[in-house]
Every structure is written in structure tokens, then in C-alpha cells.
Amino acid sequence: MKNTIFIVLLLLSVGCSKLDSTADTVRKEIVVEGILEAGSNPQITLSKVLVFGTDEVSNGDLDSLSVFIENREEVFLLVPDSSLPGSFSNNNVYVEEGQEYILRFNYQSYQIVARTTVPTIPVNVEVTPLALGIPESVTPGSQPKTLVTWDNPNNDYHVIIIEYLETDYNPINESLNEEEFPKYRVVSTDPTNANSYNLDTRRHFLFFGKYKLSVMKLNEEYVNFYENIGQSSLSLSEPISNIENGLGVFTAINQIEINVSVYQQ
Amino acid sequence: MAQSHEETIINEYYFATPLTQVFNDFRVKYSLVIECDSQLIRGLKFSDQGRFSFSGVSVNTAFEIICMDMIQLSYQIDDDGIIYITSSIKDSKQEFVNVKYSGDASNTNIVVSGVIKDAQTGESLPFASIIVKGFNLGATTNNDGYFTIVGVPTDTSTLIVSYIGYKKTEIYLNPNLNYQALKILVEPLSLNLQEVAITAEKDDEMLYSSSEVSVVKMSPKEMSKLPSAGEKDIFRSFQLLPGVSGSNESSSGMYVRGGTPDQNLILYDGFTVYHVDHLFGMFSAFNSNAVKDVQLYKGGFESKFGGRISSVMEIVGKDGNEKNFNLGAEVGLLSANLFTEIPIKDKVTVFFAARRSWKSFLYNEIFEDFNAAQEAEPTTTSSSEKGGRTQESTTPSSYFYDINAKISYKPTSKDIISYSLFNGLDNLDNSRVVSRSRNGVTSSGGVNDVTKWGSLGMSTAWSRKWNPIYYSKLLVSMSDYSSERDISNTRIVTNLNGDVTEFKRGSFEKNLLKDYSIKFDNEINLGKHNTIEAGFQSSYYNIEYNYSLNDTITIQQSQQTGNVFSGYFQDKIKLFNRLTLTPGIRASYYDVTNKDYYEPRFSFNYKLTNNINLKGAWGHYYQFTNRIIRNDISSGSRDFWLLSNDDNIPVSFSEHFILGAKYETNGYVFDIEGYYKKLDGLSEYLLQFAPSFNNVDFNEFFYTGSGTAKGIEFLIQKKHGKYNGWLGYTIGEVLYDFPIYGEIPFYAGHDVTHEFKVVNTYKFRKWTFAATWIYATGKPYTEPIGGYSVQMADGSNQDFVSIGEKNNSRYPDYHRLDIAANREFKVGKTAKGSFGVSIYNLYNRQNTWYKEFEIDNGELIETNVNLLGFMPSLNLSISLR
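First to last, the sequence lines map onto chains A and B.
Each residue of the first sequence is one higher than the one before, starting from 1 at the first, in my numbering.
Each residue of the second sequence is one higher than the one before, starting from 1001 at the first, in my numbering.
No lab work stands behind these hints: they were computed from the structure.
You may find that some hints are simply not true.
[Unchecked claim] Derived DEER-like restraints, expressed as beta-carbon distance ranges:
1. Val79(A) <-> Ser1789(B): 21 to 31 Å
2. Asn1797(B) <-> Asn155(A): 21 to 31 Å
3. Glu174(A) <-> Gln1791(B): 31 to 41 Å
4. Asn106(A) <-> Gln1559(B): 33 to 43 Å
5. Gln1559(B) <-> Asn177(A): 24 to 34 Å
6. Glu1862(B) <-> Asn173(A): 27 to 37 Å
7. Asn177(A) <-> Ile1740(B): 39 to 49 Å
8. Tyr1516(B) <-> Asn177(A): 53 to 63 Å
9. Asn1563(B) <-> Asn124(A): 20 to 30 Å
10. Thr128(A) <-> Asn1563(B): 47 to 57 Å
[As the list claims (entries may be wrong)] One-sided excerpt, in silico: chain B residues whose CB lies under 8 Å from chain A:
11. Ala1405
12. Gly1681
13. Phe1701
14. Tyr1788
15. Gln1791
Glycine included, every Cβ here is placed at the ideal spot set by N, Cα and C.
Please take these sequences and the hints and turn them into a complete structure.
Shown next, in the form of C-alpha cells:
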């Protein structure tokens, strides 16, 4: 009896062994940056993860990879751009709305694959007003706003990118630090799957002058990747990526651009 | 000894001398050993009137004279010469027999039954051990202190009663006793005992590792001598045991054998307590002055317990002193504490205790340490810019309190009717008020930052010892847990025209749980070989959970109700005087899933030799209420209770396998237990995989998984003596397998490979010195292994960290040394008190709580957020008795 107990306890003890958690997993070290835009040539950038505690890595050897993009069962080779290490494109291919594109290349002993479908262009986009007048005295919370609307029967994700077009900055709020002006030249809303968005002078229009609004339809893989909560050890997580055996995002967008202005009343 | 008494001549002069002093004289000058209940002779004075002082008297004559003068006393001298002073007034209930019967037995194979009580207060003692001397036969008292032993060889057998913190006492049966209604009184170890010679063995163990599998208890009285972080605490004390993780400073909840705190069933006088933390989990909500007994079942627990898959902690509240009024107070650097015990006409006792925090430097330090980790530190600022003026002021107010009350009514010696109440609340308020004026427009409002949680529980129980073989208990209880969090900004803006607009942004969270239960437990002693336990339980749950952002986005909103109906049956079978087998089954119907759940369980205990016990258990366990943890460092981790539904939250399940052995000598205990647990239906709520935008079904972000926990625990304990304590070591592993994290199992966040604990106490006169040291392997966390940057759709570059496998790294090892010194003292004739000094984390070890990561120019910036450092505290308590 004593021996039996001893053996059982020994087995339990031996069972507390170190996990071999990485044995069967591919270590993800290639980062894909690929945002296809309808009507443009496909362009992607590859890079490697910078492993903390090591010297800076070189992405030079990535240029020797054969990177393909597939559409309608046709395969196109993306050509490395010698001026931009890790950058690949093909000027003979144009990204088309509604089409699925598959990115595929081999790195070391495994294949990296990602796919995306180009969304349709945003429909019935309206901006009210096109010229936004700002009164001299504004009560906090009652700032004038610009309403952007679009059709969205399928609850697709949209984002609005607001780009300030003037050369010189003319801030609405005088207390805004001048050194921070360039930071607000291009701002973006969070993705939303609603059909409207209010732009205001606190977050989107910080200067008087002309702006370009790009209302961009997004795919879910971009939204998943965009969302990156938690950088503490209590909740750290890898951004959700649609790259098999890799990191980053391969997605497509379709956008419409509208010019607006903001002026002092 | 008896021989020497015949030769001893007592020659003393006494005039109105307290009898206590007389007996002390006898002990010191004539080396007599006198056993006497100090209560019995309190206030009695003796004058010898020349009978001692004229020519001296023999010992026998001296005691005859004393007992003749004080007719309420009688004396007996046993074969060893020990003199017993007892009451001569025949009390039908008082069957305390401490003189060995020298005649022949009249009956054999008898049933002995009764109740075990504290000799000073009359409180019944739950889970006390009573065995028949020289035989492998005995019993443990139940919750109400009742016991029954069937098959006691003769009516002249000797019983040995042991209970931690009390004298081990021998009870000699005799044919004249009503041994089916014994009332056994045992003396607590206290200062008063120094007045009498102690012949019985001291049972001054702080820890009692039961021969039953995975059962352990600690003496609440002795626990107070252990070091603490400002407040003595039963949960923190249990964390010093092997198998219970001791390196979780941010939670007083217990991680038992790889389980999480919500998987422990915490019963306080029969009702379930759902949240045990005070002050960010620095200590538990249970006031140790209100606790009579605590027993922990680390696994493999019996069929009468259900609804949890890891462990059971059974806490019995104090009934109150049956004999005398008592009042006590205690003050430490975190709280002040008051309790009273009121006996009313012999049959009713009332106990009441209340504790409330007060703001010492220690309280503030703990508050700020934990608060700063979760939120911006409270600030007071005043700035002036461009014609505007902003005033921001903060007056953080936070407090906690708890109340324990119990009324016990004993209409007969067989019945106990009791009502117990527990109420605790934590209110942590770090709100700020803002007032701003600019260009004639004023805005006022503030930042609400309120975290509040509390429990209200109560039970009413009627227990009856119908006869020596049947005991029943009917209990009706309710438990109410609430938790609220409001982190929001409120602004009230008044413009030049006097128009007022109000804005509110932030997050609001509320969780309410109500549990109404009825239980009916029965114990039937069918004979020497079988003790049946059977009963049923019905619980109704009502759980509400709301979590919203900015008053507009509802992340979670649920209102759930459910019923669990359970019945159980188990038979404790004793065979060959050495083997105890306890098969049992619990069956439950859960109306939310409309399914039946069967939980077969089995445990055994085999007495291999007089010193060695082998023990083991196996069982199935289900859990229907789940505490879901939402980790969110930006606003602090929150947890909330939800009902399982087998849809997105499965019913949790665990299967336990336990095997162990215990070797015990008079002075030492060596205990080893190995366990293996299968876990299934585990739930996590992870918003980190959820986009934080509109129109998302947040119910989709519950993730389920399974796991295993295994380990071996070792305990070596020195039980008695001036120096005692224990060494505990656990080697363990907890693996989780959640598909959302990949196909490979990973170490659970609370996995600790090695945990070593040393607990030492040394008694020197009225001082007790204690030191505890804990070493634990660092817990796992998910470490970034690299970083990368991606250009987003708006042209900006976003930095990301690349992480390895889930929980791929570990924090630095945890270790901590705490020390304490306590001195007991007397005030006047009956009042007593103690004064304690404690230092937590003596060498100021910077143990890591968690890490924060930030990427700056491609470099990872890692910040350790540490747990509490060096922290002294003081404690003073005083009571009338």
C-alpha cells in the first residue's frame, strides 16, 4: 500500500513538467502592411518584428521574396521597390471594387497568406453644412457641428479622415499649442458601423480654412486590427490579424472625398 | 503522589483570604496539584479560624474544611494525587467528569452523545474531536457542537476531547452518568489558566490538519498572533497553508489548489458570501472577533456541499457568552472594532460586533497604492490661463464597515434556534469637483470616481438533537451582494444667457445578486458502522448586471433568475476499526438549463498504524453561478456574477482526485497530499477581442475553456511547545485551454509552480513572537517579445507589440517576511487584553503586481507596478473577559 501511494505521488510529481508551448507553432515575425484602394495599384510593405533586446533588424532580405497577389484565379507578381526596402507593387494591376484579392508568399519554410475583398464605394454621402461657421463666443458643449451621413443598410464600417488643406495654420482655439499644430493636420474618427457622424471643432476641425473629408468604407479585418486594447500584463493581447502565419493587416478600402471649409462668423 | 499527601501537613493562617490565593499557596508551598474551574471559586474567601494554624492539618482534612465552609464546593483526589475541585450543586446538565471511575462497568457497547462547550463562556464548539481512549473510535462535533459515538466499549471508558486553542481534556465515563446527554466543558487556553496547574495536555496548535482528506482548520484565537498588514484576518492566515496560494496581495480571496476565489464556497453560519474583500482585497470582510471556528475543505468535499468546484470554507460565528456579559474593543491602524456578548436568562445569548475603518497613515498608504495603480492620483490643482480660471479639488472619502450579529435561543438542551446577520460595505470615493470660469461662461461639475461593494447575508436556523442517533438542522438564508462603479465626468455649463446644459460621460457598472436558500440537513447514526447524512437544498438566484458607457452604449445588460434544487445522501461507513469509507451523491436540477446534474463523491481514510493515516477522495462538482472577471487596467479590473446558461456561459465542472498520507506523533505532524483536478466550462469575458464601437453584441465576448490543476502539498508541523509552527511546500501546475488563445494549453494567470511557507511562533512568558516567510514562483503573464509599426488607413503609424504565447513569461519570484509580537495582559480581576506590533514585508521586497508596457521610438518601456512594501502596524484589544 505504501509503495502504491509513493508511485502515485511520484507520477503526480513527474506530471508537473514544463510546458513545451512553442513546439508546434510558427513564430510570427513577418509584418504585412497592405491596404488596397479601389482604382489604385496594389502595394504592400513587408517588415520584420523587432525583437526586444536585440539589435535593429534589416528588412533587406525581404526584397528577395516572391510575393504574389491573386485575383480571379490570375496570379500577379509584386515587384520590390528598390527605393523602399520591403515595399512591393505592380503597376499593371488595378484594384477593382467587389473583387477578392489573395496575398501569398513563402517565407522560410512556411507560407504567409491573407485575403480581402474590396468594398463598394460609400453611397449617398452628404455633408451638412459644407461651410461651417464658428461664432466668436462658443459655449462648451454647444459648438457647431458638421453632420456627415451615408447609406449603410448592411452596417458596414466607415471611417472619416479629415485633412487640413491650408499651408498656414489658423487655430480656432487660441490656447492650442503651436508645436502641436502638425499633429492635427490629419485626424481620423474611430470606425463606426452607423450611417452618420458628427464632426466638431474640439476633435476634428481645429483650424479655420479648407479641409478634405475622405469617407472611407472599411472591411472588418481592418477594424479588428485597429482595435488594440490593453498594453499591460493584465490584459495584453495580440492585435487580431488576418495574416496567416504573420502579423499586420491586409485589407481594402473604398472612399469618396468631399471638400469642406470652416470659417469665423 | 497520594502517599505524599498523607505526610503533608498544612499549617497556614488565613483570614478572609481569596480562595484563589489559598489554592496558589497550596500549590507553591506544598506542591499540590489542584484542578479547578476558576469561575467556580471566583469571589470566595476563606478563614481558617485556627483550624489550619493551630497545629496544622492533613491535605484531606484541609479540603474537607474548605468544602464544609463552602458547601457549593466538593473535592476529589484521584490515584495520582491530583485534587479536583468541583461544584457540589447537582446540575442536571453539568456532567463534567474528571475523576477516573474505579468500579466495574455496568454496560457495554453503549451510545455516548452530548455537546462540547467552552467552560468559560458556555459556547458550543463545532468540529471538535472526541475519541475513545485506546480505541480507533471517535467523532467530530457538528456545527452546533453535538456529537454521537456509537459502540463505545463500556460505560467506564475514557474520552479524549481536543479542540485547537483549548486544553486537551480526558472525560471519564461512569455508570451513574447520563452518557447520552453529556455536557462536556473544556477550558480555553488563556491567561486565566496560569492560575491553575495544568495537568492536561495543552492543545495550543494554531493549525489542525485533520485526518480527513483535505480538511484543515485554524484557531481564530491563535491566528491573531500572526503578523498582518494592519488587520488580523482569517483569510490571510489560511493563505499560509500549503495548497492555498499566499502571493495574491491584491485579493484576500483564496486560490485553493489551482482554483479561483469564486470557485470557493464561503459559508458564514450557513449562508453563502459572494465577495470577501475589504479595502482592495488587503483583508477579508470577516471580523475575526466574531468568528468562533473556521474549517477549510481544500478539495474532495462531502456531498452536503454543492454549487462550487474548488473548495469550501465553513465559518461559524460566535454565539456569545452564555454565562457573563462581555464587552470588548480593539483598535488598529486600519479600523476600530467593538463587540459585546449578552446572555439573557440562561437560554438566550446575543452577540454583536461592528468594525469600521478610520484613516491612519496606513489606510491612506494602502488606499493610494491600490488606487494609483488604477486611476490618476487625486490632485488639487489651480491654474490660470488666458482669462480663465480652473479650480479642481478633491476630497477622497472612502471607508469600509462590517457588522456581525447573532441571537441564539436554546429552549431545551436539544434545540438551538439562531439568527445570524452579516453586513459589510466598502465605499471608495475618489471624486473631484471642478469649477471653471472663462469668458463669462461658467461650468461646474466633477469627476465621479466611486467604487462600492457590499454584502448583506442572514440566516435563521433551527437545529435539534432529537435523540442520540438523529440530528437535524433547518436553515433559511438570504445573501445579497451588490457592486457599483461609476467613473464619469459631469459638467453643468451656464452660458451668458443663463442657459444650463448638463453633460455626463464615463462608464457605469452595477451588479446585484440575490440568493434565497433553504436547507434541511439530517444526520442519522445507524450504528457503530454507519452514519447517514442526507438532506436537500433549494436556492433561488436573481442576478442583475449593467455595464454602460456614456449613458448611451450598453455593453452588458442582463437580468437573470434561476433555481437550483439539490438533494444529497452519504454514508460514513466504518469498517474494521481502521477504515472509513464515505460514498455519497448529490443530485441537482437547474432550471435555467433544464438539466439534471449528478455529483458522485467518495472519500476514504485508512488508519495504517496508530500514527499513520492514508486518505483519498474523488468527486464530481458543478457550479451554476460564475464570477466573470473583466481585466481592464484603464479603469481597473472588475468582476461580476452571472448565472450559467449553457449558452455563452457554461455550467462549470470539476473532477477531483486526491490521495495523501498523514503521520502524526505527539509533537509533530507530517502530511502529504497530491491532487489532480479536471476543469471544464470555465468562462472569461474579454473585451480586448471586441471592437469598441456601436452595434456590437457584447454577449459574444464570453469565451469558454477547460483546464487541469495538479500538485502535491507537504506539511511539517510542530504542534506544541514554546516554539511551534509549520513548514508548507506546494508544487503545482494549473493549465488552461481556451481556444480563443490558440490550440495550445497555457499556464493560468494564478499558476504558481513552487510555494514555500514557514510559520514560526515563540512564546516567552506573556509574549508571543511570530514570523512568517513566503516564497513563491512568479506568476505567469503575457510578455511582449517584439514590436512593429503599421501605417493605418489615415496615413498615421501605429505601434504594436508582438506577444508570444499566452502567459509565456513570469514575474519575478515573490517573497516576503512578516514579523509580529503580541503581549497579553490582564486588567483588574477579569478583564484582559493584548497589544501587538506587526511589520509586513520586513525587508521591503518589491514584489511585482503587474507590468505596464509602452513602445517609444521602437523601444519597449516596461514599468513594474509593485505590491505593498514595508509596513508597520499596531493593534490593541481589550475585553471584560
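Hints, one by one, checked against the model:
no.: 1; hint: Val79(A) <-> Ser1789(B): 21 to 31 Å; verdict: holds (23 Å)
no.: 2; hint: Asn1797(B) <-> Asn155(A): 21 to 31 Å; verdict: holds (29 Å)
no.: 3; hint: Glu174(A) <-> Gln1791(B): 31 to 41 Å; verdict: holds (33 Å)
no.: 4; hint: Asn106(A) <-> Gln1559(B): 33 to 43 Å; verdict: violated (54 Å)
no.: 5; hint: Gln1559(B) <-> Asn177(A): 24 to 34 Å; verdict: violated (48 Å)
no.: 6; hint: Glu1862(B) <-> Asn173(A): 27 to 37 Å; verdict: holds (36 Å)
no.: 7; hint: Asn177(A) <-> Ile1740(B): 39 to 49 Å; verdict: holds (42 Å)
no.: 8; hint: Tyr1516(B) <-> Asn177(A): 53 to 63 Å; verdict: holds (59 Å)
no.: 9; hint: Asn1563(B) <-> Asn124(A): 20 to 30 Å; verdict: violated (52 Å)
no.: 10; hint: Thr128(A) <-> Asn1563(B): 47 to 57 Å; verdict: holds (55 Å)
no.: 11; hint: Ala1405; verdict: violated (38 Å)
no.: 12; hint: Gly1681; verdict: violated (22 Å)
no.: 13; hint: Phe1701; verdict: violated (11 Å)
no.: 14; hint: Tyr1788; verdict: holds (5 Å)
no.: 15; hint: Gln1791; verdict: holds (6 Å)
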